[in-house]
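The chain contents come next:
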Amino acid sequence: MIALLLRDLRLSIRAGGGFGLGLAFFLIVVVLVPFGVGPDRAVLTPIAPGILWVAALLAALLSLDRIFALDFEDGSLPLLATAPIPLEGVALVKAVSHWITTGLPLTFAAPLLGFFLNMAPEAYLWLLASLALGTPALSMIGTFGAALTVGLRRGGLLLSLLVLPLYIPTLIFGAEAVRRGADATGAIAPLMLSGAITLGCLALLPFATAATLRINLR
Amino acid sequence: MLQVTDLRCARGGVPVLERISFTLQPGDALILRGPNGVGKTTLLRTLAGLQPALSGTYDYAEGAGAYASHADGIKLALTVRENLTFWAQVHGRSVPDSAYDTFDLGDLRDRMAGTLSAGQKRRVGLARLAVIGRRVLFLDEPTVSLDGFSVRMFADWMRDHHLGQGGCAVIATHIDLGLDAPTLDLTPHIAAADADGGSDEAFL
Numbered sequence: 001m002i003a004l005l006l007r008d009l010r011l012s013i014r015a016g017g018g019f020g021l022g023l024a025f026f027l028i029v030v031v032l033v034p035f036g037v038g039p040d041r042a043v044l045t046p047i048a049p050g051i052l053w054v055a056a057l058l059a060a061l062l063s064l065d066r067i068f069a070l071d072f073e074d075g076s077l078p079l080l081a082t083a084p085i086p087l088e089g090v091a092l093v094k095a096v097s098h099w100i101t102t103g104l105p106l107t108f109a110a111p112l113l114g115f116f117l118n119m120a121p122e123a124y125l126w127l128l129a130s131l132a133l134g135t136p137a138l139s140m141i142g143t144f145g146a147a148l149t150v151g152l153r154r155g156g157l158l159l160s161l162l163v164l165p166l167y168i169p170t171l172i173f174g175a176e177a178v179r180r181g182a183d184a185t186g187a188i189a190p191l192m193l194s195g196a197i198t199l200g201c202l203a204l205l206p207f208a209t210a211a212t213l214r215i216n217l218r
Numbered sequence: 001m002l003q004v005t006d007l008r009c010a011r012g013g014v015p016v017l018e019r020i021s022f023t024l025q026p027g028d029a030l031i032l033r034g035p036n037g038v039g040k041t042t043l044l045r046t047l048a049g050l051q052p053a054l055s056g057t058y059d060y061a062e063g064a065g066a067y068a069s070h071a072d073g074i075k076l077a078l079t080v081r082e083n084l085t086f087w088a089q090v091h092g093r094s095v096p097d098s099a100y101d102t103f104d105l106g107d108l109r110d111r112m113a114g115t116l117s118a119g120q121k122r123r124v125g126l127a128r129l130a131v132i133g134r135r136v137l138f139l140d141e142p143t144v145s146l147d148g149f150s151v152r153m154f155a156d157w158m159r160d161h162h163l164g165q166g167g168c169a170v171i172a173t174h175i176d177l178g179l180d181a182p183t184l185d186l187t188p189h190i191a192a193a194d195a196d197g198g199s200d201e202a203f204l
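Protein chains in written order, with my numbering: chain A, 1 to 218; chain B, 1 to 204.
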């Protein structure tokens, strides 16, 4: 499983691997927002947590369809399915490698970009914490969606439609934690709920993903 | 080593083959023949455990089987060595140097797989079979895009290293590999057109 993780990470930084795609998208969206809504601090400060979370979520969505599609096209997926590592493990590794290449860089880039949106200084730590806790759920759910649509031509649109509703709880609790952190009204509760979603996804979705892959490989 | 009894299999919900029975001992190979679309790939995928059989049984040691399809499972952005090392590690093994020599990949091992020709990629795909150490191989057209020399190279490996060391193989192919192996013509085993029970839809 370590070998698979290292291979996926190596592939993502090689030519055409898509590492940085999500990060660049995140950067572009957040930089464009102040141009769109105007540089008024009174407007930017309250919307900063929401903008950062929505942008991070869409950036994570961008690279989902590659998770299994590339392995399906070159025939690696049936070979992995007959290899001695369990398909549940493959699903988990795929989600982890997606998180390392998108969720983790987004988490560290977000505080820097909060600066562009004049985010309240108290909110930075909460932003970091909520993204670190919430983005793994995005990768897990996204991997499940990618397994559902593997083998479909142009499955990207269907994938987005399937996955976005499932992203909403994480978005609500994540952005709420940052907002409450900014005005010191108890950010712990939404943060814990966001963490609970992540843990639930981590515990259940590898099995659902593996079952879906088995059906799609028939 | 591999025992198949009265197997029926389906593709896309339509039964394609029935009454498939054969037994392979260590060192045996079986060549599958039949026109395009007769169900060679379906049979191999069923035996490899990628899709369920409609009825009948197949039996071989747990974790002994390996499948190789038309697609090689080679990542174009990795070198030949990285590709083979990955597949070896997934199976808990390492890549012996002899694997490169057997398939004439010695000079190519640090080349990006994306810069290889179709035949060279196929040789990497076949070398994968040599490094994963599985005893029961299900090979779907292993010699596609290989030149005559490489076909002999593959046949030699199959005879001397795989079958010679107690492995067995089911090979779907249209060309003569020069192996001393029985042939199973699938044409008489085509399932009746009105055969029922073919639906393998997961969500019905």
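Everything labelled a hint here was simulated from the structure, so no lab data went into it. Be careful, since some hints might not be right.
To be clear about the criterion: a stretch of chain B counts as covered by chain A if any three or more of its residues have a C-beta under 8 Å from a C-beta of chain A, and this derived list gives those stretches [to be verified]:
no.	stretch
1	27 to 40
2	59 to 66
3	73 to 83
Ideal placement from N, C-alpha and C gives every residue a C-beta, glycine not left out.
Hint check, failures only: 1
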